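**Q** Now for the letters of each chain:
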Amino acid sequence: DAGVTQSPTHLIKTRGQHVTLRCSPISGHKSVSWYQQVLGQGPQFIFQYYEKEERGRGNFPDRFSARQFPNYSSELNVNALLLGDSALYLCASSNYAGTGLFGRNTIYFGEGSWLTVV
Amino acid sequence: GQQLNQSPQSMFIQEGEDVSMNCTSSSIFNTWLWYKQEPGEGPVLLIALYKAGELTSNGRLTAQFGITRKDSFLNISASIPSDVGIYFCAGHDSGAGSYQLTFGKGTKLSVIP
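Protein sequence lines, in the order shown, are assigned to chains A and B.
At the far end of the first sequence sits residue 298, using the numbering used here, and the numbering has no gaps.
At the far end of the second sequence sits residue 93, using the numbering used here, and the numbering has no gaps.
Calculated from the structure, these hints are not laboratory results.
Here the structure is a predicted model, which means the values were calculated and not measured.
For each residue, glycine too, the CB sits at the ideal point set by N, CA and C.
Certain hints may be false.
[To be verified] For each label pair, taking beta carbons as the anchor points, the in silico distance ranges come out as:
1. N55/B with N239/A: 29 to 39 Å
2. T48/B with G196/A: 40 to 50 Å
3. R195/A with I8/B: 36 to 46 Å
4. N239/A with G(-4)/B: 39 to 49 Å
5. I8/B with N275/A: 18 to 28 Å
[Unchecked claim] In silico DSS-like links for lysine-lysine, alpha-carbon gap of 30 Å or less:
6. K210/A with K85/B
7. K88/B with K50/B
8. K210/A with K232/A
9. K31/B with K50/B
10. K85/B with K193/A
11. K232/A with K193/A
12. K210/A with K31/B
13. K88/B with K31/B
14. K85/B with K50/B
Starting from the given sequences, assemble the full structure and let the hints guide the process.
**A** Laid out in structure tokens, this is it:
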């Protein structure tokens, strides 16, 4: 079975531009989360979507937005890019709905999209 | 954003030695997860802990969920060169109502053959 797949793997953008990153979850998983990992730090939570609804949002500006499609794939959009947006953007997949006990569900990450803003 | 306190930040060990790292939080978590990340890749899940006091093994790896629910540790026995990487702890609080994992800053492990 395919794991979490992300595209593109690497990209370079200029300040002020817009970027769209894409993610396909593990087959059967309905939840997608996005994380930003700056060099030397642990991943920081950006969004979680479950069944096409936003279930959680981290402390990121409104320039960051996301959506989930009927096939459970997801897009992360970042507008008006800043140099500080340069990071590895990770997509995570799970069947966890985002409420109640975690149970035995867990979270699997893709290999990420490396974004460099120049 | 919030990050867990993970220590040590880095460690250099001889092949065959045992390794211990830990993670503490000011908040209570219902789940602790340990991930390993290698250069250019995403984090790979190693061990998941769902209950305070739980001790779980995965091959040479053993992790425990602290009784206070504010800490966890990971042990690696008889280290080998392929253990090299950055190990992250992550906590989840189901009471927060969202699916947010809070990560530590990582422990960078180097194994000297």
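**Q** Each hint needs a verdict: does it hold in this structure or not?
**A** Tested hints:
no.	hint	in the structure
1	N55/B with N239/A: 29 to 39 Å	holds (33 Å)
2	T48/B with G196/A: 40 to 50 Å	holds (47 Å)
3	R195/A with I8/B: 36 to 46 Å	holds (41 Å)
4	N239/A with G(-4)/B: 39 to 49 Å	holds (43 Å)
5	I8/B with N275/A: 18 to 28 Å	holds (24 Å)
6	K210/A with K85/B	holds (28 Å)
7	K88/B with K50/B	holds (22 Å)
8	K210/A with K232/A	holds (8 Å)
9	K31/B with K50/B	holds (12 Å)
10	K85/B with K193/A	holds (27 Å)
11	K232/A with K193/A	holds (28 Å)
12	K210/A with K31/B	holds (24 Å)
13	K88/B with K31/B	holds (27 Å)
14	K85/B with K50/B	holds (16 Å)
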